[in-house]
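Protein chains: 2
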Amino acid sequence: MFSVRKTALAAALIGATAGAAFADGHANPAVKARQQVMSLYAFHLGTLGAMAQGKMDYDAEMATKAASNLAALTSLDQSMMWPAGTDSGSMEGTRAKAEIWSNFPDVGAKGKALADASMAMKEAAGGGLESLQAAMGPLGGACGACHKAYREPES
Amino acid sequence: MFSVRKTALAAALIGATAGAAFADGHANPAVKARQQVMSLYAFHLGTLGAMAQGKMDYDAEMATKAASNLAALTSLDQSMMWPAGTDSGSMEGTRAKAEIWSNFPDVGAKGKALADASMAMKEAAGGGLESLQAAMGPLGGACGACHKAYREPES
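So the protein sequences, as listed, match chains G and U. Counting the first sequence from 1 gives a position; the numbering used here is that position plus 622. Counting the second sequence from 1 gives a position; the numbering used here is that position plus 622.
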């Protein structure tokens, strides 16, 4: 255990040296928070998507739980999670384009569209597989609209 | 960048070998999800706690935002995040005691107490510094009650 930790520490130190020109987004609590929120979206979307694609048996109760959590998460106030200076041009460890901070009204509208699509999924998810499937399109579209405009491609 | 990634990969491989006896909780989506939820509690509690302790100027609007998010997060249905076999005796990377799985009614009650204390904070946070401070005690108590009973001490 100790040697594993030492190795991880060494890797972290090498990383810190190699990336010295930039702050590390993973060490920024606001960046970490927004990435955790996105990851929790993905956790719940994974369940809904697996059911929609027939990779997991449809379960109305589980689908509703996942969709309810997703609706709550997409309704969080994220204003504290996007401080100025946390874009991909300013730090490592984030793919958030600087355009986010010059287009707040549009970013907010896209976030609202995601919350609305999640709320629609919450209402649809327990109503049968076809109902769930029909709600997946707008939900995936809302995710993609924001990523396409405001997230750097993976390098 | 490439060499940093290679180093991190090497460390991950060494870690995987050293911990081969146990699954890695960090690679388990459910464990990751519950840890992210806890970390998001801490993110918002950090703001409320800093104001309560005078380390940050009291700001009614920001306090209400943080408390509203905390109330939403503590109300999430976590049943999908605690599958059997994800206790600290079964895998690395989690401090969740096996007692959680043999005491679900009590764990649920403690979770409900946290959600209730968070809802009370949501109502109190915007009502002035003393109002926020008064709501911190029950909130911290609810966190601690569950950690004391069901979380392994840091090793």
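Among the hints, erroneous ones may be present.
Since copy identity is lost for identical chains, a pair holds within one copy or between any two.
[Unchecked claim] For lysine to any residue, the following SDA-like pairs were computed, each having C-alpha atoms within a straight-line distance of at most 20 angstroms: (1) 654 <-> 760; (2) 719 <-> 729; (3) 654 <-> 664; (4) 677 <-> 735.
These are calculated hints, taken from the structure and not from any lab test.
- prompt: Hint by hint, which ones does the structure fall short of?
  reply: Violated: hints 1 and 4.
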